[in-house]
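Visitor: Here is how the chains run, residue by residue.
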Amino acid sequence: MPLLELAGITKDYRLGKTFVHALRGLDLTIEQGEIVALMGPSGSGKSTLMHILGALDTPTSGTAAFDGQSLQQLSENQLVTLRGRKVGFVFQTFNLVPTLSAQKNVELPMIFLGVPKRKRAARAKELLTKVGLADRIRHKPNELSGGERQRVAIARALANNPEIILADEPTGNLDTETGGTILELLRRLSVDDGRTVVLVTHDPEAVRIAGRVIRLRDGRTVEETANA
Amino acid sequence: MLRDFLVLAGSSILHRKIRSWLTVIGVFIGITAVVALISVGLGLERTITDEVAKVFGVDTFVLAPRGSFGAARTSEGSNQYALDLEWLRTLDGVLTAAAVRQRTAFVQGQPGPEGRLAQGFLPVMGLSPELITSFSSFVGSLEVEPGGRLFQEADSVVAVLGREVATRLRVDVGQTIVIAGDADKPELTFTVVGILATADDGRPQQGFTSGMPASATTIYIPYDTMESLWGAAQDVLVTLVRTAPGRDVDEVANRAQAELRARGSRVTAITYSDISSAIGTVTSTVSAFLAGIAGISLLVGGVGVMNTMFTSVLERTKEIGIMKAVGAKNSHILSIFVIESGMMGLVGGIVGTLLGLGLSAVASAIIGRMFDVRIAVVASPVLITATLGGSFLLGAVAGLWPARRASKLPVVDALRYE
Ligand SMILES: Nc1ncnc2c1ncn2[C@@H]1O[C@H](COP(=O)(O)OP(=O)(O)OP(=O)(O)O)[C@@H](O)[C@H]1O
Ligand SMILES: [Mg+2]
Chain B
142 MPLLELAGIT KDYRLGKTFV HALRGLDLTI EQGEIVALMG PSGSGKSTLM
192 HILGALDTPT SGTAAFDGQS LQQLSENQLV TLRGRKVGFV FQTFNLVPTL
242 SAQKNVELPM IFLGVPKRKR AARAKELLTK VGLADRIRHK PNELSGGERQ
292 RVAIARALAN NPEIILADEP TGNLDTETGG TILELLRRLS VDDGRTVVLV
342 THDPEAVRIA GRVIRLRDGR TVEETANA
Chain C
42 MLRDFLVLAG SSILHRKIRS WLTVIGVFIG ITAVVALISV GLGLERTITD
92 EVAKVFGVDT FVLAPRGSFG AARTSEGSNQ YALDLEWLRT LDGVLTAAAV
142 RQRTAFVQGQ PGPEGRLAQG FLPVMGLSPE LITSFSSFVG SLEVEPGGRL
192 FQEADSVVAV LGREVATRLR VDVGQTIVIA GDADKPELTF TVVGILATAD
242 DGRPQQGFTS GMPASATTIY IPYDTMESLW GAAQDVLVTL VRTAPGRDVD
292 EVANRAQAEL RARGSRVTAI TYSDISSAIG TVTSTVSAFL AGIAGISLLV
342 GGVGVMNTMF TSVLERTKEI GIMKAVGAKN SHILSIFVIE SGMMGLVGGI
392 VGTLLGLGLS AVASAIIGRM FDVRIAVVAS PVLITATLGG SFLLGAVAGL
442 WPARRASKLP VVDALRYE
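Going down the list, the sequences are from chains B and C.
The first sequence runs 142 to 369 under the numbering used here.
The second sequence runs 42 to 459 under the numbering used here.
Note that these hints are calculated values from the structure, not bench results.
Mixed in with the good hints there might be a few duds.
Among the chain B residues that face chain C by a calculated CB cut under 10 angstroms, a handful are [said to hold, decoys possible]:
# : residue
1 : Phe160
2 : Gln210
3 : Gln214
4 : Thr234
5 : Lys245
6 : Asn246
7 : Pro250
8 : Ala298
9 : Asn301
Taking beta-carbon pairs under 7 angstroms as the criterion, some of the chain C residues facing chain B (in silico) [claimed, not checked]:
#  : residue
10 : Asp45
11 : Leu47
12 : Gly51
13 : Ser53
14 : His56
15 : Ile363
16 : Gly368
17 : Ala369
18 : Val453
19 : Asp454
Beta carbons are placed, not taken as given, at the ideal position from N, Cα and C, and that holds for glycine.
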């Protein structure tokens, strides 16, 4: 059974009287443990698709199933639990809480799952060390560089040991070396732990770790290639 | 998890220090006013009841004319009543009793320089000697001028005069006055044994008789002697009854009232607990009224919290989206925001309670200075607990609506908010 299965997905945004068709009939199947790269020009619907994959948003039409479970049938609270336990999201714009330190930001998903304080703090420090921010755990987001914020966002996505990591341009703000470390981290998650990774990217380095590359244009899949 | 929500809410409050403080100020002004007013009210009540307890003692009750006390106060009816004092003294549970009766009588004094007799109609009061021996707290310290004395239980045809009346009748200690009673009774010649001293400031002494004809113009004679002039008492103003040790005052008082009424005395028994509850009713009505007015400012404070919370929700729309994206349920968001607004209310409550108690202490001191009494400062634990709980609730309720709005925001829309 595939981990994620999307069929005939459309997403329309309504702007006054006109509609923006962000996705126009998209089919996508993602297997457990694979790394998929999503590519496409700006405005092609990559972020929109990621939100639907991560159960943050609902499609206008079409069906989405996670682990064989249809998302339309889940209540709002069940969707929250699914997001909290199984999905790690790295947003294109990081979306860190500005009033909280790096460590607290990473702890946030664990707080809502009810992980005890000690365990939470230890896990947050471990993850921040992994992304190379051991000496930045007390910093607030506005005291961090763009690349550092991105790495905090990645650490937060990994906090609850999610089954799938959805990363919207995770290396977009990073230099080649740091970007390389992050990509290696994501690759190891897939290869060693069997986690599934979907990443939106324009970075050829990132494409290299992907098993599959999907190109979007105007809300449709235009090309799908298997990487060597 | 609650602790984490407290931390999350607290960090948000601290993040906008000035606005939070302004909001808190809005709350604590109201709380200060309410706490101060209620505390002063409680202090006054405590002071008055303490004073009453000092005079009254818990083992004593008063027989007043019926209808002169409490809700059933009536204007009709005499303010004097019939009484068989001897019978009352034998009632079960009664230790001692003393009464005051009053008449206006034709009184003759000593002749003046031209040989004309000083005479006139004057108030005559019959006092049980027990008033002075057993109920001195009611009478206060009655002082006589040097050379005189108050009458005792063995005395019968003696009188103590107010200063003014003594001057008018031209009598001194040791001289006599003549008081005429009912037509069928003989006149009696009283020996003056004492003249009441006036206080330093020239006013007649205050005491049990205050509120009745000023003591300086009254002639006091023993209660029992009144009977020789006017017969059995139909003209009693007030009776004081002390109950035997260990007896239930209210029970004895109720029984005395019932039996006396059955015997034709139009009396109402008033015990310490009647008086203190009457005082309590008055003072708590007054302080509830004042606190109600002050409560309006609390309402304003609550609206302030609500306003701040709406702004906070708006500002943190994105943050709400983030929290929901990483696994926060609507109920989690609701709790965080309600805790946040409740905490602002609580801080306002703490500051307001402290300031209110301080203010009431200052106010009590000022009122005390003005009326020359020591007013008790009351820090009621019930009031404090209720205020702190109430202020948290005020904040929480004010935050509920904004918080619900916050929790209902769709995730993606909230995330997109800039
Ligand atoms: N909330 C919205 N309301 C209206 N239109 C929207 C909304 N969100 C996205 N769109 C539109 O949908 C289209 C797809 O947007 P999306 O963010 O998915 O693009 P993207 O592929 O992620 O682009 P980029 O590479 O620039 O991040 C865009 O044309 C965008 O204008
Ligand atoms: Mg995008």
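Visitor: Against this structure, judge whether each hint is valid.
Guide: These are the hints, each one checked on the structure:
The interface hint given for Phe160(B) is broken, as the beta carbon of that residue sits about 17 angstroms from the closest beta carbon of chain C, more than 10 angstroms. Interface restraint check: Gln210(B) against chain C, minimum CB-CB distance 17 angstroms, threshold 10 angstroms, status violated. Evaluation of the Gln214(B) hint against chain C yields a violated restraint, the C-beta minimum of about 18 angstroms exceeding 10 angstroms. With 10 angstroms as the threshold, the beta carbon of Thr234(B) comes within range of chain C, its nearest partner Cβ sitting at about 8 angstroms, so the hint holds.
The interface hint given for Lys245(B) is met, as the beta carbon of that residue sits about 8 angstroms from the closest beta carbon of chain C, less than 10 angstroms. Because the closest C-beta pair between Asn246(B) and chain C is about 9 angstroms apart, less than 10 angstroms, the hint holds. Look at Pro250(B): its Cβ gets to within about 4 angstroms of chain C, closer than 10 angstroms, so that hint holds up. Against a cut-off of 10 angstroms between C-beta atoms, the interface hint on Ala298(B) holds, since the closest Cβ of chain C lies about 9 angstroms away.
Checking Asn301(B) against chain C: minimum C-beta separation of about 7 angstroms stays under 10 angstroms; hint holds. Annotation: interface hint on Asp45(C) holds; nearest CB of chain B at approximately 5 angstroms, less than 7 angstroms. The beta carbon of Leu47(C) is not positioned within 7 angstroms of any beta carbon in chain B (closest approach about 12 angstroms), and the interface hint is therefore violated. The restraint placing Gly51(C) at the interface with chain B is violated, with a minimum CB-CB distance near 10 angstroms, outside the 7 angstroms limit.
Taken as an interface hint, Ser53(C) checks out: its beta carbon lies about 6 angstroms from the nearest beta carbon of chain B, inside 7 angstroms. Using the Cβ-Cβ criterion of 7 angstroms, the hint placing His56(C) at the interface with chain B is satisfied: the shortest such distance is roughly 5 angstroms. At about 5 angstroms, the closest approach between the beta carbon of Ile363(C) and any beta carbon in chain B falls short of 7 angstroms, and the interface hint on this residue holds. At about 2 angstroms, the closest approach between the beta carbon of Gly368(C) and any beta carbon in chain B falls short of 7 angstroms, and the interface hint on this residue holds.
Taken as an interface hint, Ala369(C) checks out: its beta carbon lies about 5 angstroms from the nearest beta carbon of chain B, inside 7 angstroms. The interface hint given for Val453(C) is met, as the beta carbon of that residue sits about 5 angstroms from the closest beta carbon of chain B, less than 7 angstroms. Hint status for Asp454(C) relative to chain B: violated, with the closest Cβ pair at about 9 angstroms, above 7 angstroms.
Hints 1, 2, 3, 11, 12 and 19 from the earlier list are contradicted by this structure; the remaining hints agree with it.
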